[in-house]
Amino acid sequence: MGHNKAVGNKYNQDKFPDSKGHFGIYGGRYVGETLMPALLELDEAYNKIVPDPSFQSEFKRLLKDYAGRPTPLFYAKRLSEHLKGAFIYLKREDLAHTGAHKINNTLGQALLAQRMGKTKLIAETGAGQHGVATATAAALFGMECRIFMGKEDIQRQAPNVQRMKLLGAQVVPVTSGTMTLKDAMNEAMRFWVGAVRDTFYIIGSVAGPHPYPVMVREFQKVIGNEARQQILENTGGLPNVLIACVGGGSNAMGLFHAFMADPVEMVGVEAAGRGIETKKHAATLGEGSVGVLHGSKSYVLQDEDGQIQEAHSISAGLDYPGVGPEHSLLKDLKRVQYVSIDDDQALEAFNTLCVLEGIIPALESSHAVAWAMIEASRRPKNEIIVVNLSGRGDKDLGIVSAYN
Amino acid sequence: MNRIDKTFEDLRQKKEKALVGFITAGDPNISDSFSIIKAMCKSGLDILELGISFSDPTADGPAIQRSSARALKQGINLRAVLEITGRLREETSIPIILFSYYNPIYAYGAKAFYKDALAAGADGVLVVDLPPEESDEMTSQWSGNEIDLIRLIAPTTPLERMTQIVQSASGFIYLVSKTGVTGSDGLDTEDIKDKIESLRSATKLPICVGFGISTADDVAAIASVADGVVIGSAFERLIEDNLDNPDLVLILANKVAEFKKATKIVTSK
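Chains as they are written, first to last, in the working numbering: chain C, 1 to 404; chain L, 1001 to 1269.
Hints are computed from structural coordinates only; laboratory data are not their basis. Computed from a predicted structure; not experimentally measured. Take every hint as true, because none was put in to throw you off.
Here's a subset of chain C near chain L, in silico, CB distances under 8 angstroms, partners left out:
| hint | residue |
| --- | --- |
| 1 | Thr34 |
| 2 | Val193 |
| 3 | Gln302 |
| 4 | Asp305 |
Straight-line Cα separation of at most 30 angstroms, DSSO-like style, residue types lysine-lysine; simulated pairs:
| hint | chain 1 | residue 1 | chain 2 | residue 2 |
| --- | --- | --- | --- | --- |
| 5 | C | Lys221 | C | Lys64 |
| 6 | C | Lys20 | C | Lys48 |
| 7 | L | Lys1204 | L | Lys1261 |
| 8 | L | Lys1038 | L | Lys1014 |
| 9 | L | Lys1111 | C | Lys20 |
| 10 | C | Lys20 | L | Lys1115 |
| 11 | L | Lys1193 | C | Lys118 |
| 12 | L | Lys1264 | L | Lys1014 |
| 13 | L | Lys1073 | C | Lys151 |
| 14 | L | Lys1042 | L | Lys1261 |
| 15 | C | Lys279 | L | Lys1073 |
| 16 | C | Lys64 | C | Lys77 |
| 17 | C | Lys280 | L | Lys1073 |
For the chain L half of the interface with chain C, some residues (derived, Cβ under 10 angstroms), not all of them:
| hint | residue |
| --- | --- |
| 18 | Pro1057 |
| 19 | Gly1061 |
| 20 | Tyr1101 |
| 21 | Tyr1102 |
| 22 | Leu1130 |
| 23 | Glu1134 |
| 24 | Glu1137 |
| 25 | Ile1153 |
| 26 | Thr1157 |
| 27 | Pro1158 |
| 28 | Arg1161 |
| 29 | Gly1180 |
Built from N, CA and C at the ideal position, the CB exists for glycine as well.
Given only the sequences and the hints, what does the whole structure look like? Please build it.
Right, here's the structure in full:
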């Protein structure tokens, strides 16, 4: 099985999280008392409502008829031939409604919110994909919607801001701290503390306090379920390796989950920003240490005093100094290998995929493509790589043209 | 009897309520901050809550966010706050509660934190984002129980949960007056009164009310129903508005005296 020894380590995903949301030492609920009852209520509702057949059939119908699932698994022939190595398959989440995997989760959470009797949705967003997906779900369900977005991200992801507004959402610019995803999440949590009684907070990643990491995984696991079935149909076997980018880690968890018990290697790709050595990066699992941020214990980028450090990435969606708690456990167990790709490598992969396959990937997903290019060229021709193409890159054209 | 218990006992005899002041350690800089806090302690503060700054204060409104940012810019960290605590302990005998988010304590190490906080003369600790569900991981590393872990009760806390929380509480109960972050506007005294009544049937511990209390009238209203009144953002705003004012220390001291006076005019209970 390849050169990666990680596959041998078993991870029984049914054991995690425990009833209080712990993935080993990670996860949990580190929030103020005002929010605790809301999280307990959410946990109870999640356990009661989501497994219910009527919820599941409605969720599946929305994923199919509204989000356009299943998304295709596409053999990237020209890219694979160009690299002269393993076969690369792309899981086309960029073709889901709103242009990224985020819609899977927002439809699930909005449906849960509706059944809990909540009438207002809030969300944080970095690249704007989660904000657009939340605004979309809010429009679909006729709910009020407020999206918190860092001022810096509002500037670099302007097309998504316009989309959110068209969808009827209020976009709240966040000017505190680094004015990026981390601060958008701080501000969303602050707002939620004051509006907790009628407002549902849709967290966009497998991060945050319990039950968010497990709930977002649950709503995103459709990616891996489909991909597993599709690759078996296409090739008659399992892939050798799965590759996905990791900011908070929802698209990666969505792809990986269905393969946890399989002899399949997994690689999570973090953003190395301007280079690990420059300290201007977002490689939380690679370079961070254990801490508590945004309601859960996980790896974080922090100084020795426990102050959270600024992350850097060309990709707003990966520009986050934290990561989902389950990824932290998967790293410690060596079930998933975490690597990083810098801004330049991501841009090169972006350009390569555009010209070789006619697909414009999101800058986030370009990190996964970049690692796939490295893996493919060093693996034999009979091996198979599945890359999660988590989103489309239209939103990034401004950034890319500024760089190119 | 520890300092916290003794403070409330003395106040009961004097028929006064406790004025609890929150202040970010190190704002606007370490030396001025020490002078301000010292003056506040000597101007009528009954209990000091010394804030340990965190880069991502998700439970705090703009005033405390900015004061934390100013203190962090001055290089404040937990070690420096413990040093300030030790110096204050030489100046005052009022209880000192360390007020923190969990990550700075986690990074320092819960075991070392207990030992060093006790040695510095701290009497209690309040960790905003460490609910009872997660707090064993911290207290299980403590070598004793001489530091009170102050528990929060929120407006959203249901009765059953409230009863559970107060069972493991010590020192006093911090009742959050309203949903929202620190420094939010508006107080509903009737609502608070109801909450206090149900709390009294569950615990004999003193009850201090905080969040959104900013004027002497607010203080008097809360003091008529609670055992203590917590002020935070109002002090931070005053510091912020007078950063270049040579009378900064005096202004804060006078504010404390004004608020303290309001805790003595108690109409009921």
